[in-house]
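Using the sequences and the accompanying hints, generate a full structural model.
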Amino acid sequence: MSLTLALVVAGLVAGGVFLVLQRELTRIVLGFALLGHGANLLLLLAGGRAGRAAFIEGDGPTGGEVDPLPQALALTSIVITFAATTLLLALAYRSWEQRGSDEVEDDLEDRRIARLRDETDADLEELTDVLADLEGDTGPGDGVADVHGELRP
Amino acid sequence: MTLLLSLPVAMPLAGAALAVLAWRHRRLQRAIAVATLGATLVLAVVLAVTVERDGIQTTQVGGWPAPIGITLVADLFAALMLVIGLATVLAVLVFAIGQPGSDDDAPAFHPVYLVMTTGIVASFLTGDLFNLFVAFEITLTASYVLITLGGRREQVRTGMTYVVINLLASLLFLMALAFVYAATGTVNMADLVGRLGVLDPDLRLALSLLLFVVFGIKAAVFPLFFWLPDSYPTARAPVTAVFAGLLTKVGVYAIVRTQTLLFGEDRPSTLLLVVAGLTMIIGVLGAIAQDDMKRILSFHIISQIGYMILGVGLFTVAGLAGAVLFIVHQIPVKASLFLVGGIVEHSAGSTALSKVGGLVRRIPFAAGLFGLAALSLAGLPPFSGFVGKLALVEAGFSAEEYPIVAVSLVGSLLTLFSMVKIWNGVFWGIPEEPTPELLATPGRLHTPLLMNVSAAALVTLTVAIALFAGPLYDLCERAANDLLDPSAYVQAVLP
Amino acid sequence: MRRSVILETVIRAELPVLLVVSLYLLFAGHNQPGGGFAGGLVAGAAYALALVAGGAGAVRRTTRFQPTTLLGAGLLLATLTALVPLFTGNDLLEHDVLSADLPVLGTVKTTTALFFDTGVYLVVTGLVLLVVTALGPGDLDVGDVDATPGDGT
Amino acid sequence: MAAAVLVAARRPLGRARFAVAALAPAATAGWAVWLLATLDPGEAHTRRVEWVPGLDLTLGFRADGLAAVMALVIGAIGVLVCAYAASYFGSSPTAAKVAPLLVAFAGSMLGLVLSDDVLGLFVFWELTSVTSFLLIGTDDERPEARAAAQQAFLITGAGGLALLGGLVLLGQQTGEWTLQGIVAAAPSGGLVEAAAVLVLLGALTKSAQVPFHSWLPGAMAAPTPVSAYLHSATMVKAGVYLVARLSPGLAELGPWRPVVVGAGVASLLVGGWRALRQSDLKILLAMGTVSQLGLLMILFGVGTEEAWAAGVVLLVAHALFKAPLFMVVGIVDHATHTRDIRRLDRLGRRLPVLCGVGVLAASSMAGVPPLLGFIAKEEALAALGETGLSWGTALLVAVVAGSVLTVAYSGRFVFGAFGPAPDRGSAPGALVGPIVRDVHTPAASIVAVPAVLAGAGLLFGLLPVLVQPLVDAAVTWWGPDAHAPTLALWHGLKPALYWSLLVLTLGSLAIVARSAVERVQVDLPRLPGTQRGYERTVRGLLRGADRVTGVVQSGSLPTYLAVILVTMVVTVAVPLSGAVAVPEGLVLADSWGQLLVAAGVLGAALGAALALRRMTVVLLLGVVGYGVAALFMIQGAPDLAVTQLLVETLTVVAFVLVLRRMPERFAARQSVRRQLPRAALALAVGAVVFVFALSATVRTEPGVSEEYLQRSLPEAAGRNVVNVIVVDFRGLDTLGEISVVLVAALGISALSAAGRRGRGAGKAAGTGVDAAEEGGVA
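Chains as they are written, first to last, in this note's numbering: chain E, 1 to 153; chain L, 1 to 495; chain H, 1 to 153; chain R, 1 to 778.
What the hints contain is simulated information worked out from the structure, not anything from laboratory work.
Everything numeric in this text was worked out from a predicted model, so none of it was measured.
Fair warning: there could be bad hints in the mix.
[What the hints assert, rightly or not] Now the stretches of chain E that chain L is said to cover, found in silico as 3 or more residues with beta-carbon under 8 Å: (1) 19-29; (2) 33-44; (3) 52-62; (4) 66-79; (5) 83-90; (6) 93-102.
[Stated by the list, open to error] Cut-off 20 Å, straight-line C-alpha distance, at most; resulting in silico cross-link-like pairs (DMTMM-like, lysine to aspartate or glutamate): (7) K355(L) to E109(E); (8) K494(R) to E386(R); (9) K355(L) to E141(R); (10) K355(L) to D474(L).
Glycine included, C-beta positions come from ideal geometry on N, C-alpha and C.
Below is the structure:
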């Protein structure tokens, strides 16, 4: 195994991760492109040392051919990564068209929840007020009966 | 058995190709889609019956013996998932066809939907780790398209999150595959069983955990689920329904498959149980914090995943049987809840609890469906969720894992709480006057028949699961037995 | 975009050449570097070039198909190649060796995998066409009927 | 016998009215009577329906004496409630909603009392909770009704889950899944004790025992027939019933008596005390129910045969007096449109018959002879006098005190409903409303129903021999040799009689001095309210949920990615650190060319990560891509290299097409401090991948690849092994790959079509959708 190749993989992955963590969509897409390269090289690396291309020249293998399977896998993954990255790019483009900016937005509902609310279930509050009276927290007093009367004229 | 295993994978693809060729002939596309999925479902049922009778079925694609070629394998677990998954996919398709103004209008919908089905089927049936990656990619890429179909701004924004996170997971998966290949020289799962066994345990654990993280992102377990509730609710109802019902479960399926088959010897059990507990509780707390029906339901997806992981974490026959039963019950329940959400949206124009109310009067049938499915989700008897919960509780107690059972019961109560919250907010209360916009759209106050029918079909399926829980549990137990003892699987693939 | 007449001419002349190259890659793939994927990319790139240089009209004159038709046909071809052996009692995607005596090339030995690869070729060509037209210059739309100029006015 | 269950459980379809609805409980009652008449002591009819044998989930029914008594109560009260409801609701649309639910409830309740299998019992247990939820929320447009339904459901639901845990634990510990088996096994042990506590939690919540009673007053939001049936006569007795069932086997367990009796005493006293200060007649009765259920809890849970038998009598008596009392309140409400005792003035003169019924039933509740309530109370006092427990006397005193309260609130009920209005000068009555003067005379048919029940209380009091068979039949559950005491009005001068007299005297005094009692209550410090506790819990839960969700669900994509990557690094790095290895045959590089290209690729990648102009990044990306293609070539992968070259070209073209419309530079660069964590994480991920790559390369034996080289030419007629793998050996991957390509292409096309539609619309309307959206952001 080649240390250089392993270092290239690590470098591509690190660069890709750094870009993916940014807020601009285009950089994220580019980051995935780098990550994809890293992953494909890694597959190849898993096949072992460099060698002769896997072509059968005569009647059979002569030895020294490089492991063909990781290449086939990498071929498939290149295509898939390409398709997905392009789709992401189209999405980024659409997003830019709509918003005039290519920064990822935060989720609005999440932000709303994150701003701590004080209001709570309105129904519950009403019931509690009524029942607390019944329990006597406010003593025998306020009109309760009509609230509970299910038969209103 | 070649036909039974091959056709479910290839037929939806052929259907997709025809649907692409039938571009813009919507009726034709619908007919193709329904016919293809219907036929595939029938095949899946036959396959399940065969597996039940004759044991694990395999076929070697291309006629190349494993591990040279790719093997398709159906054990009981896969067959169960296949049947229930396809039934759900078909019901949701009918809903999409019945929903006016749905994504069904886009010419890309049907082909993409069919391709996604292929991906799901292949994920369940493949016996090859790299092919599983491909199957995932098929499913995911199709889901990227479905979630953004229509290109509305909200969809694009959340679709972005969805795509980016899943793309990252895919690349991690690819790297994991490279490591697995580097260590073993094969990607056939049955072949891997023996080759992983001779590895250094630490290395094996590292591989196992990397794959767990990868599938955990897709299955939406803590702390990898944050993307899900942001992205699911913005898609149209049928899309969300099928995502909610199936896509996360494909991730769970992969977790179960890899953890039992490949890493059965040194499973990270305690870690799994902790993850399960956190997933349940954080998920359901998220649900409680929400004020929108679809968002509440989305958080519930996560919470319920925790129960499945609990079963896996116990790693006993009873635990896995419970997990399998739980998954089987979750798929239609979750999908039907989102379909009812679609009906609510259709007839009230919103799913925000603050904006709708009293719908039990306007759409009593859908309300009833919701009630049944919600009680099932909350694990109340006599519905399917109860049987699943009971199985997990019994398994947990048997394994003497008391804390996690307690957590799961608390989670169950909180689930009930948020289901009641939806019920009180959406179906009870003072009905909101229909907005002028709704009144202006003809037919909005009336739910199209197909929408009700498909939601009802899924609810019927859950009721059937409850009704026949006895034999079904026996099947799950057998499936769990097979999962815990991979020798039959290996034997079937590598004779 | 101003169109360069010279460029357009050159590209139009080149188009058949590139297509032949792509077909060569497709057919030779089983024994030489290449294959349906690479061939499809070249074919797609040829059209892309034509598109960029000559505009939608040029492409429409040379392509008889909607890109979606290419996609559908490619997938259908590949899937059928996969399915047909099932009905002759073989396995999914099982290929047969074919040999034929062709006038110029002599005896050609290949397998039904060629049909499969042709499916790949068609799908990839379709992809490139769709990507280029979707992301391409706004006035060069070809892929989608409802996007013909005049729609928006 | 299962048929009876099924008939009862079936919901009448369509617009079933109460006449039809009454058929089911009527059948139940008739069947129960037949059962009581034909069953020999200790005998039972059984029927088992296996549901999920693998989980010991069986619907096992066992109709014995106790079940028959319960079924009789459910059936008889059910018929009468239906008759009452028919008049009560008239032809209002509510009737159509309530009738099927009532029958469904009756079916569930019947299933509950007939169940012998504990898990089957649990099924019906929860079903009663569900029907109760729906019935409390009958009037769902009122927020309190919704909240009350929710509260009842949640509290009983929580108890239900504890019960489930307890039952499963009990079943697993004993190996017995039937009540009969568990009682016979009389298990012990730490886990069994834990299980028993869990089961009791379920029972206490269901029977609205302190401190879980807060849902019951709220449940009074349900229509009165529902309150009379579910929340006094039947459902709330489920918890008591379960204690009765298990007590013979579990009463000797450590925590059993303290929990049951403690909660029972607390409920008896708190409920009675609270009842004494209510102005709403219905809530007064609800608090009285809490109190009475407390007494039942004590009787069934204390663990002696006599107390148990007394419990059966009281259970029957309670159904016979509490249901008519609720019905009376319903009629009062109908007639006057209020239930507030401060607004009711001398109703007894205007509605003498109703008053008579109310007095009769209330007297039974107070334990006035010669009513059944008296017999029950006396039996209870007698049994508690001889428990033989060290704290038996204290318990007796507590029960006496509770009984005094019962007499007092019974009096408050009667005088409040039918007597003169209280002196309004003393009470802050401004908000109460005027005293009611208009009274509609209720129909005879509706008054007849409570009259029948109250009359039955009198009849059974006078002729206790009529109740005797019930108690005799039920008590067989206690044990084969168990005998019920002979019921009679007059047992001679025994301690119980003195206690009864004391209770009645003190109670009467309290009634006479009721305005003084009321003043004392106002002045005394208030008991802490559990309703506030419930509310605080729910609020805390909501707030906690918000807080947790606010933290984990930040909504920021980079954060999510970072969390995922950190998780990956941490989980993988830990085991990996134990497996770090340097693979055999590690070389610096395969060739000089590789080293050179690698340096270029790394440099370009670094540049791409740091570049500020979009186009620069794209160009550098292209350099990386072509470099990778070169590396492929060097590695011996010409196919890959060709493909990579083509793909890279197209990628760059696609990027250029898109980016040429975007601003040249990225938005203002973020500070180094904010980029530093990203860089650190990126390096960590890179490092993990690097180490993993080295450590994973441990393969010694050849993989499958040799097979491909061998078989490619002879079997697949291809010399390019990689291509043969792609189209033949692993053709399925490729089939999948092209479907990915197809789908991606369709997606891109759909997105751009949507974009064109947006632009088209924008042109057409002047300000298009997208334009408006863009404006909104800017």
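Each hint tested on the structure:
Three residues within the 8 Å Cβ limit are the bar, and the segment 19-29 of chain E against chain L gives 3, so the coverage statement holds. Counting residues of the segment 33-44 of chain E whose beta-carbon sits less than 8 Å from any beta-carbon of chain L gives 7, enough to reach three: the coverage restraint holds. Under a criterion of three residues with beta carbons nearer than 8 Å to beta carbons of chain L, the stated coverage of the segment 52-62 of chain E fails, only 0 such residues being counted. For a cut-off of 8 Å, the count of residues in the segment 66-79 of chain E with a CB near a CB of chain L stands at 5, and the three-residue condition holds.
Counting residues of the segment 83-90 of chain E whose C-beta sits closer than 8 Å to any C-beta of chain L gives 5, which meets the bar of three, so the coverage hint holds. Restraint check on the segment 93-102 of chain E versus chain L: 4 residues with Cβ-Cβ distances below 8 Å, three needed, restraint holds. Restraint check for K355(L) and E109(E): the C-alpha separation of about 15 Å stays at or below 20 Å, so the hint holds. For the hint linking K494(R) to E386(R), the alpha-carbon distance of about 12 Å falls within 20 Å, and the restraint holds.
A hinted pair counts as satisfied when its Cα atoms are at most 20 Å apart, and K355(L) with E141(R) qualifies at roughly 15 Å. For the given pair, K355(L) sits about 45 Å from D474(L) by alpha-carbon distance, which is inconsistent with the 20 Å threshold.
Checked against the numbered hints above, the structure breaks hints 3 and 10 and satisfies the rest.
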